[in-house]
Amino acid sequence: MDIVVCMKWIPDTSEAELAVDSGGKDIKKDNLDYDINDWDRFAIEEAVRIKEKVGGKVTVVSVAPEDAEEMLRESLARGADEAYHLWDDTFEGSDGYAVSRILAQFIKGRPHDLILTGTLAEDDGGAQVGGMLAAMLGLPSSALVSKIVIQDSKVTFNRELEGGLYEAVEMDLPAVLAVATGLNEPRFVSIRAVRKVAGMDIPMLDLGEVGLNEAQVGSQGSRIQVEKVFLPPEGEGAEIIKGSPEEAAARVAEILKEKGGIG
Amino acid sequence: MKQIFVLAEHRKQQLRDTTWEAIAAGRKVAGEFGAELSCILLASNPDGMADQLAKECPKVLVVDDPKFETFNSDSFIKALTPILKDRGPFMLIMGNSNSVIDLAPGLSVALDAALATDCFGLEVQDGKLQALRQIYSYKVNSVVSFKDAERVVVTLRAGSFPFTPVAGQTGAVEKIASPLGAEPLRKRFLNYVEAEKGDVDIASADIIVSLGRGIGDEPEMEAFESLAETMGGVLACSRPIVDKSILPKYHQVGTSGVEVKPKVYLALGISGAFQHIGGIKGSPLIIAINKDPRAPIFRVAQYGIVGDLHQVVPALEAKIKELKK
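Chains Z and U are the protein sequences, given in the same order.
FYI, this note's numbering numbers position 46 of the first sequence as 46, with every residue one higher than the one before it.
Heads up: take any position in the second sequence, counting from 1, add 1000, and you land on this note's numbering.
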């Protein structure tokens, strides 16, 4: 079983104070920490579990700037067998379509029975790469996938619908599955595992080595163009209660009492 | 862009709300472009649903095939691609439901179309379409355009385009022969699976204390349990809390979890991803406590405290106990 996992390296904006950059088309990222996209962490874990069960090889790949090597090395420590880093300055500004094209070009020349991604990236919220990649490679795909079971040349899984409902699906391999968070518990990475992979080579492939030209990547190869970004006003919608924690808590307690929120 | 298409979504022979919201968006954009609006329905035994759509939409394209009984990205892409590609420049609008999240990316590639997902606004500027989305954990708004794409696919965030029926129309229903051949699908629906039921049914609770990522990696659950008990409510949570196995799945609020409508929803450390907000929109009183003043949850909450849960939660419980005396 040859499993390829596509991963994304994203700025952690969950707790940070954000500001729009001078170009007005993105945020300032200099002071942000970067990390593996949370959804992809479940994809790598699932790939390694499948390998442990049915045998095979796990390859991780990312279209990401140079500092993302840290994520690829962590993936090796989690149990991947090899990692590839796809980067070229011309990749900058790629949308979901252009990123999918880079990944598809890389994957099509390699053995692949199963390709895993996270369903969504928390930076652009696009939820595009899994399905686009599958279409470019001519494979079936599904998103929001959990409970994956491989049997012979088929995979069965559950897919999230709304309101606590799932659908059970069977699909022919090779296939692309974009996983849901929570489908497994990503393992703890020990210092020993990190040391073990410290010397492994992580090849970096540029535009020509991937086999594409400039018109196919970056903003040129993208189908969506960002016109501008802006921050919504703070606390839009809600009345923000000021004061010390005790004062604010006292006011909320009164509101709860008025509105029947104390049962 | 002359044609605006809306894909009708259905489950168990019922049209879903996302369909009507997509029609609302389709009406707006068709009006601004001076374009024709059509609805596409791929279903098994589609007549009843087609009649419903024809009351709200001037044209309904219908394909009847048993393979469309469930919303399968494999069969839908195979059928929609030839039907739409033959019709010149167009825009296709769908709700950003969990089924469409499965379908839209592959379909856009097959159609050779530009795709913008989870849009909450659509505007026509100088004859060109622009879409409003959110990025970076839903904290930043982004306006995107589609270059000179002749084919555009957009998916809509639930609740962004409220639907008002205009009924009374009798749209033309055009039946199209199914483009699917006899070859088997590579992706096959097996059955529906209901989520595991737990000891708490958060859907029927009047008071919910809900926990999000902001409670930290090793939360002091006793403080939250105690607050919920004092309020006479139940504990619920957002997706990351289930992912970390802090609470079981049946406590998860959201479109992929349990949709709730309590009298009071107290959101602690919840940022407010669209799937979460989609699951609480019926609640008349939402109060959010979060460190981050730009957390999207404040946009749907009536009241908010920007602060540290470790300080606010014990203080709140103490005040509630005082008021109960």
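In case anyone wonders, no lab produced these hints; they're calculated from the structure.
Where a beta carbon is used, it is the ideal one built from N, C-alpha and C, also for glycine.
Worth double-checking, as some hints may not be accurate.
[Stated by the list, open to error] Ranges of calculated distance between the beta carbons of each label pair, as one might list FRET restraints:
#1 Z:ASP201 x U:ASP1112: 34 to 40 Å
#2 Z:ASP89 x U:ALA1223: 47 to 53 Å
#3 U:ASP1217 x Z:LYS53: 24 to 30 Å
#4 U:HIS1310 x Z:LYS154: 31 to 37 Å
Each hint, compared with the structure:
no. : hint                             : verdict
1   : Z:ASP201 x U:ASP1112: 34 to 40 Å : holds, 38 Å
2   : Z:ASP89 x U:ALA1223: 47 to 53 Å  : holds, 49 Å
3   : U:ASP1217 x Z:LYS53: 24 to 30 Å  : holds, 29 Å
4   : U:HIS1310 x Z:LYS154: 31 to 37 Å : violated, 49 Å
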